[in-house]
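**Q** For reference, the chains in residue letters:
Protein chains: 2
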Amino acid sequence: MEEEIQKIAPNPYLYYYNHMSNETNKDDNIITAVLPGFMELTPKDQMAFDRMKDIIALTYKQFGFISIDTPAIERSEVLLAKAGGETEKQIYRFNKGDNDLSLRFDLTIPLARYVAEHQQDLVFPFRRSQIAKVYRGERPQKGRFREFYQCDIDIIGRETLSLMNDAEIPSIIYSVFSKLDFGPFMIKINNRKIINGLLESMGVAELGVEIMRTIDKLDKIGKEEVSKMLVEIGVPENVLPGLFNFINIKGSNEDVLYTIAGLSDKLITRSELFDAGVEELSKVIKNIKLFGIPDKNISIDLSIARGLDYYTGTVYETKLTDYPQVGSVCSGGRFDNLAEKYSDKKFPGVGISIGLTRLFSQLKDAGIIDAAAGASTPTKVLVIPMIENMEVPFSIASKLRDAGVPTEVYFDDVKPKVKLAYANKLEIPYVILIGDDELSAGKYMLKDMVSGEQELVGEQELVARLRV
Amino acid sequence: MEEEIQKIAPNPYLYYYNHMSNETNKDDNIITAVLPGFMELTPKDQMAFDRMKDIIALTYKQFGFISIDTPAIERSEVLLAKAGGETEKQIYRFNKGDNDLSLRFDLTIPLARYVAEHQQDLVFPFRRSQIAKVYRGERPQKGRFREFYQCDIDIIGRETLSLMNDAEIPSIIYSVFSKLDFGPFMIKINNRKIINGLLESMGVAELGVEIMRTIDKLDKIGKEEVSKMLVEIGVPENVLPGLFNFINIKGSNEDVLYTIAGLSDKLITRSELFDAGVEELSKVIKNIKLFGIPDKNISIDLSIARGLDYYTGTVYETKLTDYPQVGSVCSGGRFDNLAEKYSDKKFPGVGISIGLTRLFSQLKDAGIIDAAAGASTPTKVLVIPMIENMEVPFSIASKLRDAGVPTEVYFDDVKPKVKLAYANKLEIPYVILIGDDELSAGKYMLKDMVSGEQELVGEQELVARLRV
Chain A
4 MEEEIQKIAP
14 NPYLYYYNHM
24 SNETNKDDNI
34 ITAVLPGFME
44 LTPKDQMAFD
54 RMKDIIALTY
64 KQFGFISIDT
74 PAIERSEVLL
84 AKAGGETEKQ
94 IYRFNKGDND
104 LSLRFDLTIP
114 LARYVAEHQQ
124 DLVFPFRRSQ
134 IAKVYRGERP
144 QKGRFREFYQ
154 CDIDIIGRET
164 LSLMNDAEIP
174 SIIYSVFSKL
184 DFGPFMIKIN
194 NRKIINGLLE
204 SMGVAELGVE
214 IMRTIDKLDK
224 IGKEEVSKML
234 VEIGVPENVL
244 PGLFNFINIK
254 GSNEDVLYTI
264 AGLSDKLITR
274 SELFDAGVEE
284 LSKVIKNIKL
294 FGIPDKNISI
304 DLSIARGLDY
314 YTGTVYETKL
324 TDYPQVGSVC
334 SGGRFDNLAE
344 KYSDKKFPGV
354 GISIGLTRLF
364 SQLKDAGIID
374 AAAGASTPTK
384 VLVIPMIENM
394 EVPFSIASKL
404 RDAGVPTEVY
414 FDDVKPKVKL
424 AYANKLEIPY
434 VILIGDDELS
444 AGKYMLKDMV
454 SGEQELVGEQ
464 ELVARLRV
Chain B
4 MEEEIQKIAP
14 NPYLYYYNHM
24 SNETNKDDNI
34 ITAVLPGFME
44 LTPKDQMAFD
54 RMKDIIALTY
64 KQFGFISIDT
74 PAIERSEVLL
84 AKAGGETEKQ
94 IYRFNKGDND
104 LSLRFDLTIP
114 LARYVAEHQQ
124 DLVFPFRRSQ
134 IAKVYRGERP
144 QKGRFREFYQ
154 CDIDIIGRET
164 LSLMNDAEIP
174 SIIYSVFSKL
184 DFGPFMIKIN
194 NRKIINGLLE
204 SMGVAELGVE
214 IMRTIDKLDK
224 IGKEEVSKML
234 VEIGVPENVL
244 PGLFNFINIK
254 GSNEDVLYTI
264 AGLSDKLITR
274 SELFDAGVEE
284 LSKVIKNIKL
294 FGIPDKNISI
304 DLSIARGLDY
314 YTGTVYETKL
324 TDYPQVGSVC
334 SGGRFDNLAE
344 KYSDKKFPGV
354 GISIGLTRLF
364 SQLKDAGIID
374 AAAGASTPTK
384 VLVIPMIENM
394 EVPFSIASKL
404 RDAGVPTEVY
414 FDDVKPKVKL
424 AYANKLEIPY
434 VILIGDDELS
444 AGKYMLKDMV
454 SGEQELVGEQ
464 ELVARLRV
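Chains A and B, in that order, are what the protein sequence lines are. Here the first sequence is numbered in the working numbering, starting from 4 and rising by one per residue. Here the second sequence is numbered in the working numbering, starting from 4 and rising by one per residue.
Just so you know, these hints were derived from the structure itself, not from any lab. Do not rely on the hints blindly, as some may be mistaken.
Since the list gives no way to pick out one identical chain from another, each pair is judged satisfied if it fits inside one copy or across any two copies.
[As the list claims (entries may be wrong)] Straight-line C-alpha distance at most 20 Å; calculated SDA-like pairs for lysine to any residue:
id, residue 1, residue 2
1, Lys56, Asp72
2, Lys299, Ser398
3, Lys145, Gly461
4, Lys286, Leu276
5, Lys402, Ile58
6, Lys47, Glu343
7, Lys402, Gly225
8, Lys191, Leu221
9, Lys428, Ser356
Taking the hints into account, I'd like the entire structure generated from these sequences.
**A** Shown next, in the form of structure tokens:
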């Protein structure tokens with residue numbers, strides 16, 4: 004049955020389900036299908052995926068984040084120190100010798116351990132990036148993977164960390180998604196102290212996690228259903244209008260700030276937390292302007308909370324305007340104390356994460372990523388010798404590589420047609436043909452594989468033209 | 004006791020042993036030490052490691068290898084299809100749901116599965132690279148890691164693969180190690196058919212694996228001890244002189260080829276395998292010259308065999324001339340049929356692997372990698388505002404990033420001395436100071452942190468000077 008589903012699924016490049024893809028296998032051969040929930044890409048898609056990964060990595064680097072690399076395996080007690088029941092169920096956990104080990108399920112906990120362990124060797128504020136795979140043994144389903152890339156940056160302070168960092172983060176999100184070029188996007192921002200303060204003033208602070216989780220369903224199930232559920236979990240009916248009014252506050256960032264600042268006096272009981280949140284959000288919004296982010300790309304959204312038990316201040320979500328079904332493509336926020344389980348020092352931080360595997364998969368489904376437009380190899384030039392002596396072909400290939408041009412020589416002894424077909428199938432943009440005529444003229448036949456045009460050129464011109 | 008060892012060990016950056024590195028931890032905090040046998044680097048060393056990794060990745064790309072990415076977790080039956088008892092003991096194996104899973108212990112078996120699974124989507128010869136971590140639950144010891152990077156390239160043919168590929172591989176090794184710049188190195192080359200043919204002619208072919216494993220110890224335990232062991236495993240004493248004479252054949256590549264070609268008639272019984280090996284090796288050596296590798300970097304070594312049960316033709320090892328203790332830094336060879344366990348099609352291939360984690364660790368121990376010479380951040384420029392308004396600092400930072408210059412703005416409100424100390428500690432090469440004077444002059448104070456010189460420059464000149 005699952006095989007049937009796979010056959011009609013629109014994503015032959017993704018192996019969500021267990022399937023036999025290799026029909027030439029005899030019965031005694033081993034199943035070669037990738038495990039369900041694991042993404043493995045063919046070269047063309049891999050190139051498209053890597054282009055995205057490279058843009059993210061380069062942008063993080065341009066903003067001065069040092070890329071660190073922690074082990075994929077950690078002690079279970081380290082990974083599970085902060086985790087809840089759901090995480091424990093999903094984790095890949097095993098014993099080796101006397102060690103109780105697990106595969107990391109995010110990059111934040113390993114960062115916390117790293118900072119606690121290496122604090123003497125770090126310079127604060129510590130700007131670290133990590134782009135790596137994490138593991139969750141979830142039931143595989145569309146858009147959920149058991150192995151996936153997270154692309155994280157975090158800025159970690161020692162004891163304190165200026166609020167200016169909370170304003171810089173959106174400028175990095177802006178830079179990444181401008182370069183990724185998937186159309187207009189909106190960076191949504193909020194401050195957890197505001198909603199926590201409001202709930203505190205309503206006397207329902209202890210229900211915070213459940214309230215936010217329920218409110219998250221507004222888009223899906225509607226206001227009435229949400230109201231019913233809120234009452235069921237113990238929210239007094241008389242505070243519901245205030246709650247909904249609050250979440251529905253809309254307008255320009257200035258309008259929203261003005262409105263919530265005015266709410267401070269109208270709360271059932273005054274909340275310092277609420278006031279602190281409003282002040283922080285105002286400052287961050289003001290500073291964001293200095294970073295040059297256009298107004299159309301940043302918007303206060305009082306309904307976002309991002310895992311209520313984790314973040315303590317600023318929170319971010321990012322949505323692609325034309326593809327709301329993809330959900331948040333980049334999320335994060337501020338946390339008061341990163342390494343509280345591992346160190347007595349206080350390390351406040353702020354950061355974001357891009358779930359690249361899921362993002363790629365969903366954008367590909369939505370037809371945004373046109374992998375078909377790209378090649379299946381990094382090679383820019385294929386040198387095709389039509390002569391016996393390989394000296395000149397190898398020499399020009401070497402010169403092109405020195406000039407930064409990925410170059411291959413096709414040296415299998417097959418018909419010229421087969422050699423050109425190889426370039427065509429891989430979509431290599433240029434071919435250099437070297438026959439007896441070219442050899443005796445000391446020239447190269449440069450063929451543009453897209454236009455089909457070809458031209459006899461000398462070595463210097465050849466290298467100059469193809470140089471990156 | 005182990006903690007004592009750790010304290011006096013010369014490698015504080017490597018966490019071979021379980022230790023408590025974080026002395027500020029209270030008793031109720033969790034042990035934050037990285038697991039024994041796992042390498043985790045501080046930013047400075049990480050930068051040095053990444054420079055090596057980037058050189059290897061870029062070189063592979065310049066030669067037209069497409070980087071693929073397979074899951075770290077595979078079905079145990081896939082990974083263990085070809086593996087022996089030693090591998091089974093070392094593998095990280097666990098169950099999740101009904102699945103018997105394992106972490107990959109090399110990148111070759113995943114490649115075999117990948118080629119079998121995706122053969123319809125691949126263009127042959129398929130040139131693939133993979134730089135990724137593999138896992139072996141070995142007893143941790145110096146130079147042995149439980150998680151380590153392998154940097155692999157392989158060229159895979161369908162049904163056939165030209166011997167020219169065997170000649171191209173050393174040119175890639177040459178390119179990588181020239182750029183890595185660890186002094187002179189020697190690429191050693193052999194052909195397994197020669198030694199197998201010789202053993203066949205001596206009637207001891209079935210002892211091949213054990214014989215080669217014993218001969219590998221020549222350097223360590225000497226000829227007499229090796230002779231004794233060979234007799235013990237069943238090698239007739241009368242063939243020993245022939246075996247040792249063969250392995251001791253030395254000289255220029257031409258001399259060695261001439262000598263072994265002459266051996267063909269003198270073997271106890273004629274061996275077609277031996278003759279085929281000599282012919283292949285001669286062709287490969289001849290073609291290697293065309294690739295422009297200097298003679299001083301390539302040498303036939305009849306004693307190398309590289310895992311007798313795996314490779315079937317050409318084999319390679321690479322040694323750093325000044326650091327023989329490091330052993331082979333890049334090894335590989337030709338295999339007749341990559342995916343025999345997973346497909347009925349034949350996929351011959353040739354490839355190499357660089358064990359980067361071990362290489363880095365050993366070179367660092369040997370003092371070859373001078374991480375101290377490098378910075379602890381990719382940041383090239385730190386913008387230090389001495390003014391309230393951040394608009395100009397952020398704007399120039401953004402322009403520098405657009406010009407490809409990794410740039411940070413130091414916006415924590417601390418004394419200028421602290422800001423400069425941050426740049427110093429991270430070894431950021433340039434600082435831009437912006438005070439009231441600079442602001443009103445429309446200029447920037449550019450300070451070279453190495454020379455200490457500083458100069459007032461305009462925006463255009465600033466960007467032009469720092470542009471990469």
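**Q** Each of the hints needs a verdict: does it hold here or not?
**A** Okay, the hints, checked on the actual structure:
no.	hint	in the structure
1	Lys56 - Asp72	both (16 Å within a copy, 12 Å between copies)
2	Lys299 - Ser398	between (53 Å within a copy, 19 Å between copies)
3	Lys145 - Gly461	neither (53 Å within a copy, 53 Å between copies)
4	Lys286 - Leu276	within (15 Å within a copy, 78 Å between copies)
5	Lys402 - Ile58	between (28 Å within a copy, 17 Å between copies)
6	Lys47 - Glu343	neither (44 Å within a copy, 25 Å between copies)
7	Lys402 - Gly225	neither (64 Å within a copy, 46 Å between copies)
8	Lys191 - Leu221	within (17 Å within a copy, 67 Å between copies)
9	Lys428 - Ser356	neither (36 Å within a copy, 27 Å between copies)
In summary, the structure is inconsistent with hints 3, 6, 7 and 9 from the numbered list given earlier, while agreeing with the others.
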